[in-house]
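**Student:** Heads up: the sequence lines are chains W and R, in that order.
According to the numbering used here, the first sequence is numbered sequentially starting from 16.
According to the numbering used here, the second sequence is numbered sequentially starting from 31.
Hints were generated in silico from the structure; no laboratory data involved.
Treat each hint with caution, since some may be false.
Counterexamples of contact, computed for chain R against chain W with all Cβ distances above 10 Å [stated by the list, open to error]:
(1) 44
(2) 65
(3) 75
(4) 82
(5) 86
(6) 92
(7) 112
Computed footprint of chain R on chain W; a stretch qualifies when at least three of its residues, placed anywhere within it, have a C-beta under 8 Å from a C-beta of chain R [as the list claims (entries may be wrong)]:
(8) 229-237
(9) 588-597
Okay, the calculated beta carbon distance ranges per label pair [said to hold, decoys possible]:
(10) W:61 - R:57: 54 to 62 Å
(11) W:30 - R:92: 23 to 31 Å
(12) W:640 - R:71: 53 to 61 Å
(13) R:42 - W:34: 33 to 41 Å
All figures in this text were calculated on a predicted structure; none of them were measured in a lab.
All C-beta atoms in this analysis are idealised placements derived from N, C-alpha and C, irrespective of residue type, glycine included.
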Amino acid sequence: MNGPPTPSETGFDTALYERFPTKGRRPKGELEQLEAIWCAPRRWEWITVINNNYVGVYYVGAAMLFFVLAGVLALLMRTQLALPMQGVLAQETYNQIFTMHGTVMMFLFAVPAVEALGVLLLPQMLGARDLPFPRLSAYAFWAYLIGGLAFFCSLFFGLAPNGGWFMYPPLTSTTYSPGINADFWLLGIGFIEISAIAGAIEIIVGVLKTRAPGMTLDKLPVFAWAMLVFAGMIIIAFPSVILATTLLELERALGWPFFDATRGGDPMLWQHLFWFFGHPEVYIIFLPAAGAMSTIVPAVARTPLVGHWLVVLAFLATGFISFGVWAHHMFTTGLPGVSVGMFSAASMAVSLPAGVQVFSWIATVASGRMKFNAPGLFVLGSLLIFVMGGLTGVMAAMVPFDWQAHDTYFIVAHLHYVLIGGMVFPLFAAIYYWTPMVSAHPLSERLGRWTFGLMFAGMHLAFLPMHLTGLMGMPRRVYTYAAGRDWEWPNLISSIGAFVFAAGVLIWVIDMIRNFRPFGFSEAGNVYGGGGLEWLPAGLYSTRSIPVVTSLYPLWDQKNLARDVAAGRYFLPGAPTGGRETLVTSPVNAEPQHLLRMPIPSGWHVWAAVFTAGFFLLLTVQAYAASVLSGVLAIVCVLRWCWFLDHPLPQQTVDVGAGIELPTYASGSSSTGWWAMVVTLVVGGMVLAMSVFSYVFLWSRSPDTWRPPPDTTSLAVATASAIGGGALALLARRQLGRPWLATAMVIAGGALLGLAFGVDLSSWRSIGLSPQASAQGAIVHAILAWQGFFVAVAAIMALYVLLRRLYGYVGPDRPATIELVGLFLAYTAGQGLVGLYVTRLFPAGLA
Amino acid sequence: MNTWLSLLGGLALWAAHFLAAYAIASLVDISSYEHQAPLTWLLAGLTLACVLAAVALAVRAWRASRRPGLGGVFVPRLSALASTLAAIAIVWQSAPFLWRH
Ligand code: HEM
Ligand SMILES: [Cu+2]
Numbered sequence: 016m017n018g019p020p021t022p023s024e025t026g027f028d029t030a031l032y033e034r035f036p037t038k039g040r041r042p043k044g045e046l047e048q049l050e051a052i053w054c055a056p057r058r059w060e061w062i063t064v065i066n067n068n069y070v071g072v073y074y075v076g077a078a079m080l081f082f083v084l085a086g087v088l089a090l091l092m093r094t095q096l097a098l099p100m101q102g103v104l105a106q107e108t109y110n111q112i113f114t115m116h117g118t119v120m121m122f123l124f125a126v127p128a129v130e131a132l133g134v135l136l137l138p139q140m141l142g143a144r145d146l147p148f149p150r151l152s153a154y155a156f157w158a159y160l161i162g163g164l165a166f167f168c169s170l171f172f173g174l175a176p177n178g179g180w181f182m183y184p185p186l187t188s189t190t191y192s193p194g195i196n197a198d199f200w201l202l203g204i205g206f207i208e209i210s211a212i213a214g215a216i217e218i219i220v221g222v223l224k225t226r227a228p229g230m231t232l233d234k235l236p237v238f239a240w241a242m243l244v245f246a247g248m249i250i251i252a253f254p255s256v257i258l259a260t261t262l263l264e265l266e267r268a269l270g271w272p273f274f275d276a277t278r279g280g281d282p283m284l285w286q287h288l289f290w291f292f293g294h295p296e297v298y299i300i301f302l303p304a305a306g307a308m309s310t311i312v313p314a315v316a317r318t319p320l321v322g323h324w325l326v327v328l329a330f331l332a333t334g335f336i337s338f339g340v341w342a343h344h345m346f347t348t349g350l351p352g353v354s355v356g357m358f359s360a361a362s363m364a365v366s367l368p369a370g371v372q373v374f375s376w377i378a379t380v381a382s383g384r385m386k387f388n389a390p391g392l393f394v395l396g397s398l399l400i401f402v403m404g405g406l407t408g409v410m411a412a413m414v415p416f417d418w419q420a421h422d423t424y425f426i427v428a429h430l431h432y433v434l435i436g437g438m439v440f441p442l443f444a445a446i447y448y449w450t451p452m453v454s455a456h457p458l459s460e461r462l463g464r465w466t467f468g469l470m471f472a473g474m475h476l477a478f479l480p481m482h483l484t485g486l487m488g489m490p491r492r493v494y495t496y497a498a499g500r501d502w503e504w505p506n507l508i509s510s511i512g513a514f515v516f517a518a519g520v521l522i523w524v525i526d527m528i529r530n531f532r533p534f535g536f537s538e539a540g541n542v543y544g545g546g547g548l549e550w551l552p553a554g555l556y557s558t559r560s561i562p563v564v565t566s567l568y569p570l571w572d573q574k575n576l577a578r579d580v581a582a583g584r585y586f587l588p589g590a591p592t593g594g595r596e597t598l599v600t601s602p603v604n605a606e607p608q609h610l611l612r613m614p615i616p617s618g619w620h621v622w623a624a625v626f627t628a629g630f631f632l633l634l635t636v637q638a639y640a641a642s643v644l645s646g647v648l649a650i651v652c653v654l655r656w657c658w659f660l661d662h663p664l665p666q667q668t669v670d671v672g673a674g675i676e677l678p679t680y681a682s683g684s685s686s687t688g689w690w691a692m693v694v695t696l697v698v699g700g701m702v703l704a705m706s707v708f709s710y711v712f713l714w715s716r717s718p719d720t721w722r723p724p725p726d727t728t729s730l731a732v733a734t735a736s737a738i739g740g741g742a743l744a745l746l747a748r749r750q751l752g753r754p755w756l757a758t759a760m761v762i763a764g765g766a767l768l769g770l771a772f773g774v775d776l777s778s779w780r781s782i783g784l785s786p787q788a789s790a791q792g793a794i795v796h797a798i799l800a801w802q803g804f805f806v807a808v809a810a811i812m813a814l815y816v817l818l819r820r821l822y823g824y825v826g827p828d829r830p831a832t833i834e835l836v837g838l839f840l841a842y843t844a845g846q847g848l849v850g851l852y853v854t855r856l857f858p859a860g861l862a
Numbered sequence: 031m032n033t034w035l036s037l038l039g040g041l042a043l044w045a046a047h048f049l050a051a052y053a054i055a056s057l058v059d060i061s062s063y064e065h066q067a068p069l070t071w072l073l074a075g076l077t078l079a080c081v082l083a084a085v086a087l088a089v090r091a092w093r094a095s096r097r098p099g100l101g102g103v104f105v106p107r108l109s110a111l112a113s114t115l116a117a118i119a120i121v122w123q124s125a126p127f128l129w130r131h
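Chain W on its own, in the form it takes in the complex (with noise of 0.2 Å):
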């Protein structure tokens, strides 16, 4: 092409590609010493284990027993329904069923299902390693496995929540659910979505800084367009549920009033939030569905993907305009008429970029030649269910319709179509297809097809007749019925439908069992002829080399890839600095940036999961000393892990092939730690301003009650140390040359945080505002306490870098841990300000 030289986003000079595939022959033993450093789990450390071929696939097993415990649940609900007036689950238990049904499903199984998805296939498909933080990953994984069954098992005590999947107050709070099911129900999911955060942090890093060479955007996959978009909504999203499940939790134990109406509060705040989430969440689940449906269907239909980057955009557009629907599930509510119509429009906005992606796999289905094997099948199957279930949607977007249809069975057949084509018949296709990829054996072709046939009928037979028993007027959430009013009929089937479905999952648990051999030295290999870095032949390290890409389907167009990078001819064909490391890259052009070092498997991780949960769990048994105590140790363990970090390596550069030198220490926005710490940041700045939104909507349920703020002095010293503390932390990465006073700077600076933090609640509390009281107290204390929250776990950074000191490891040769805890700091500064200046000036400011 004419014109100037295309700019570098690095400065890497990309003519340093041409260099690859090198020539000659690797020296002896290298491949010898990358197997010996990725080497295997021996006896106990498969609980250890920190590479992603383990750890995804534990993942994903995990997610897919939640699915069949739930499925399970599902069935017992059928039983009972199948006859009118049996007597099979009582009320109660059916209330506890359809509860868990409905969260073990969406939180417990789609959720981490896509996200296994992403931590098993995403370094392949990228040309990595691993993740950037395999730990990360591993304690996601543990914390959900456990989360997960303890608060599944609560069913078999009764305690189990039974308020539904959206847990709305009044009828959640202690009023009308005493007892500690719906605790349960709050803690177990609030803890859940932390490790969907932390999932969803080390995809996004992954994704962005750990890609092949020459993996610009234009040529990244679109399954990693899709998990991108997906994290990057998981970290908007939950903080929404986060901070509800708190809010409400705060109000169930020390009683602040948020949903209480009768002091102030108002339960439409609990919907405002939940389903900010709540609906986002149909799309979180979705997308990285479709992004394995576009990565497939090529596959099987032997094409590349028709309008990928019209895909790409939809996955954009769907990730944006999924957060303008929300209220959309509150139509009958009674909301002011004109939101009403923007959220409608919004909601019928929402359906296109689903239109343009259903689409463009027909396209590619009709441009190619299609092979009817088992992802294939599951393939078609899910774009006819997910249509009609889009159908029924646009039908429910229509105000009118919905106030017809809410609360009945045609929204749970609705809502089953969408989930079950949308992302369930996707999750088995791609099951099927990325099989091969890690086992030794393919599944069965045969057993598949029963399986899907099985699947796809009983699918139909038990929710098509459900849209009729919703329109004859059956309401959902209901134990039992009386006879005579005909829905026996279409219950009936529904139930046989049921079993139908679940036949054709433990056909697939049977062909699981006989084929899935993963963890072994051969792997089944490309069987469906896909064109991404993942079919590239592969051990415990991945691929042998790391390939400079030059194609959106590097396999298909790029000759003898699959030889030249086995033989080691390109990226880090060996271990240069003798340990487990890959090679980090810039997140636009994926220029080499530098070597990252990884860490090898410790189990300090796997304690910090466990202290973890038990930090949430006992808190939920009302264990309170047993609970600080789990989470005093958790934040041990979480310290003990990161202690080895942040240690330059004696080799300041590294060949990593072909003579290219690259650093092995990075610092700032080039750094792995860097991306994930804006990450989080991004994560407590949603908090921050979904709690601003709380504070706003509850003084505008009732203004009178507000009362005045304390006096002036407090706010002028509380910012002088907000604005002093930040800007000490912030500084000290500059001071490196003196290392005392850079870590004198941090803890100064924490200390001064800590002061504005107290007199800010020190004077609410002299002006006798209680958290009990009234809906501004609880929300101002709310906003404190998150506040508080920061400050806490800035002082405990302040005092790790004060350790790290006495044992020298604060200097100029290491600057990443002073500037990301400093980076903490000046964000906990800004945070603290915002919350005081809009309690302070709102609505006070206004008059």
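Since the structure of chain W is already known, use the hints to place chain R with the ligands on it.
**Tutor:** Frame of chain W; chain R with the ligands shown alone:
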């Protein structure tokens, strides 16, 4: 940075506009009659500004697609279309409100 700005800028404008429109619509619902006209004008002005900004982003990205970077025309074209889409969505979502008032 520039890449992300042009890729996500339009959609971010959409989000900002959505929030503002939601806030204004809520205010209209609780405010007295004489305050409603100014609020409506505010929203109309805001809508116009956001649409213009999104269109500007789209044009800029479209021009950039004639001098492709390392990643070819993919990112600039995607940005152009994303911003165009955002502009349409902004009009679409304020229409019900502006129509009624
Ligand atoms: C064939 C498999 C399935 C069957 C037979 C089934 C059956 C049911 C039944 C009978 C209900 C309760 C209706 C009521 O009493 O109101 C229900 C609710 C629900 N299901 Fe499923 N389900 C299946 C799969 C799924 C999947 C895969 C998901 C999600 C990924 C899911 C998510 C939900 C949700 C969110 C609810 C609402 C719970 C609530 O009302 O709080 N289900 N399902
Ligand atoms: Cu929705």
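**Student:** Work down the list of hints and note, for each, if the structure agrees.
**Tutor:** Quick rundown of the hints versus the structure:
1. 44: Violated, because the least Cβ-Cβ distance between residue 44 of chain R and chain W comes to about 6 Å, which does not exceed 10 Å.
2. 65: Non-interface label stands for residue 65 of chain R: nearest chain W Cβ at 13 Å, farther than 10 Å.
3. 75: holds, 17 Å
4. 82: Residue 82 of chain R clear of chain W: closest Cβ-Cβ about 19 Å, beyond 10 Å.
5. 86: holds, 18 Å
6. 92: At about 14 Å from chain W, residue 92 of chain R clears the 10 Å cut-off, so the statement holds.
7. 112: violated, 6 Å
8. 229-237: holds (count 4)
9. 588-597: Violated - the stretch 588-597 of chain W has 0 residues with a Cβ nearer than 8 Å to chain R, which falls short of three.
10. W:61 - R:57: 54 to 62 Å: Since the Cβ atoms of residue 61 of chain W and residue 57 of chain R sit about 58 Å apart, the hinted range of 54 to 62 Å holds.
11. W:30 - R:92: 23 to 31 Å: holds, 29 Å
12. W:640 - R:71: 53 to 61 Å: Holds: the Cβ-Cβ distance is about 59 Å, inside 53 to 61 Å.
13. R:42 - W:34: 33 to 41 Å: Holds: the Cβ-Cβ distance is about 40 Å, inside 33 to 41 Å.
Checked against the numbered hints above, the structure breaks hints 1, 7, 9 and satisfies the rest.
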